[in-house]
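Each protein sequence line maps, in turn, to chains A and B.
Just so we're aligned, residue 1 is where the first sequence starts under the numbering used here, counting upward by one.
Just so we're aligned, residue 1 is where the second sequence starts under the numbering used here, counting upward by one.
There may be inaccurate statements among the hints.
To be verified - Calculated cross-link-like contacts (lysine-lysine; reagent style BS3-like; alpha-carbon spacing at most 27 Å): (1) B:Lys-18 to A:Lys-88; (2) B:Lys-341 to A:Lys-88; (3) B:Lys-22 to A:Lys-88; (4) A:Lys-132 to A:Lys-170; (5) A:Lys-88 to A:Lys-132; (6) B:Lys-22 to A:Lys-170; (7) B:Lys-22 to A:Lys-132; (8) B:Lys-341 to B:Lys-18.
No lab work stands behind these hints, which were simulated from the structure alone.
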Amino acid sequence: MTTVLNVEAVNRSFGERQVLKDVSFSVGTGRLTGFVGANGAGKTTTMRIVLGVLGADSGTVSWRGAPVTRAARQSFGYMPEERGLYPKMTVGEQIVYLGRLHGLSAADARQRTTALLERLELTERAGETVEKLSLGNQQRAQIAAALVHDPELLVLDEPFSGLDPIAVEKVLAVLRERARAGAAVLFSSHQLELVERLCDDLVIIADGTIRAAGPRATLREQYTLPRYRIEVDGDAGWLRDEPGVTLTELDGAHAVFDLTPGADDQTVLRSALARGPVRAFAPVRPTLAEIFHEVIQ
Amino acid sequence: MTTFQAARLVFARELTAKLRDKAFIFSTVSFLVVLIGSIAIPAMLNGGPTRVAVVGGTSAPVLGAAALEVVEATDAAAAERLVRDGDVAAAVLPGPRVLALEEAPDEVLDALSTLPPVELLQAQPFDPVLATLVPLALAMLCYITSMLFGIQISQSVVEEKQTRIVEILVASIPVRALLAGKVAAITVLAFAQMALLVVIALIGTRVAGLDSGVIDAIRPALGWFLPFFALGFIMLATVWAAVGALAARQEDLGSTTGTVQMLILIPFFAVIFMRDNDAVLTALSYFPFSAAMAMPIRIFENDAAAWEPFLALAVLVVSAIGMLLVGARVYQGSLLRTNGKTSFLAAWRTRSTV
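Full structure from sequences and hints, please.
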């Protein structure tokens, strides 16, 4: 992975209200980076600043080591939070037009539009005006509009909201394909399970500050408590008297427990085996939702 | 991609979108229908020349010279029958005596009466009624076109704002390219529509056989009208775009465009009501917002010195540049504020776009 987009110490206020405080994170090529935060945490403002639609009060956004220029931005693809295309323009023409605004030649724009609509299963709708499309199809057209010029950086604000599960898979496949081809993808989402399932990297923002950022696996490890799950034959109540163990959950043969610092999980396992068969024993990894709730406290 | 290339793409899109817009097609067609109608209907109502019966050849050449259609009748009784049947409007019997049903047509009486020769010291080359109507028609055309197309600029800006496509546009091309392309496209369309109407009007008046003296007299005024109108339109075009950007939704346009509408409406009425006051009209012909309406009137009435239109045009150029800058700044400052109406001052102070 190469880091291509660097957001460094970005601040932004609207009037008296400071919505971004020293926001820093980076996005790498070939990876899907999930941008997670509650409503009003600053996701959209950050994305707008990356796209140059909004200015930062201080701080820098750099692309491949240099401040972002208009030319660099031409290679970015953007899907804003509030969707919008020209309602009275046909889907095909609209995507060709946006491709051309991003510097494609007329022939290239047409050819890529055709291919992309095919890929998103919108070919039959190419000649219809956007206002006549169903919401789901409008959403697909919007994604096509962000992808038509083969962007090197894709910034998608809530790309999956409003999509049915089949469309989510479709769009996801297209995004992964772009990432594999070397694009950097930054997208925000409320759907934590979705982000957890598909992101390589995570950026968590709350109240305008970045609370956690990094590869998903690293974050999970970092936020893993010394917590274990065990399943035995018979009752697991004996764990209560085991040194260094604090029971958090007990349901007959099934238990979840925390270890005090210095206590060894293998000692607990041995003592369980001495009492009978052990059906399951594993560290409990936190879900993204759990990490999220912990870091935004 | 340069700003110019981006502006050209925007220009092409605006043009095709408008040319396919049903409202635009409808307005152009209805203008044409009204125009052709107003030329053709009076010409048709005129019917052919008045027919008149004549007994005894003496007055026939006089009547014929007055463009009346002369019907020879054998005697007074035959002539009377023609009048009663409605075949002719009147009959001229030897004497001369005029026979008519209810009212004798004036043309016939005029042709028969001998008037003393009149010599005009300051002859008008054309009908004085037309002399009043023609400048009025130009001012009206200018007013309607500015209003109609101006509002279309605002609507097209607010459409982009309301649908939020503006964010994608601004993320890919400079705001000024968006503004320039849009303003250029609508200006071209306004001009094309006006040129179409003027050409049809000129052809129409020729075909309908209207006084050609009028057309000759309009030509210099019309020649000047075009640059004045073009500059005047461009001057207001960015302002229309700016007030469009102040609105968040189509519904806000009524209030945000009010000021610009006044900038067109007040000068228009000032020109209409003050056109007989030389001093006021002279002032209006230099004032940038009314120059396009007032200066052609003065030229038409041979009231302006040769240098005057040039000076007025120079004033207009300077104010157009000023308004262009103001309009562009307000446009940039309000384009991305989608939460409700933006105030002029807030837009002026914001310089958030890159």
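Against the structure, the hints:
{"no.": "1", "hint": "B:Lys-18 to A:Lys-88", "verdict": "holds (11 Å)"}
{"no.": "2", "hint": "B:Lys-341 to A:Lys-88", "verdict": "holds (24 Å)"}
{"no.": "3", "hint": "B:Lys-22 to A:Lys-88", "verdict": "holds (11 Å)"}
{"no.": "4", "hint": "A:Lys-132 to A:Lys-170", "verdict": "holds (22 Å)"}
{"no.": "5", "hint": "A:Lys-88 to A:Lys-132", "verdict": "holds (9 Å)"}
{"no.": "6", "hint": "B:Lys-22 to A:Lys-170", "verdict": "violated (37 Å)"}
{"no.": "7", "hint": "B:Lys-22 to A:Lys-132", "verdict": "holds (17 Å)"}
{"no.": "8", "hint": "B:Lys-341 to B:Lys-18", "verdict": "holds (26 Å)"}
Checked against the numbered hints listed earlier, the structure breaks hint 6 alone; every other hint is satisfied.
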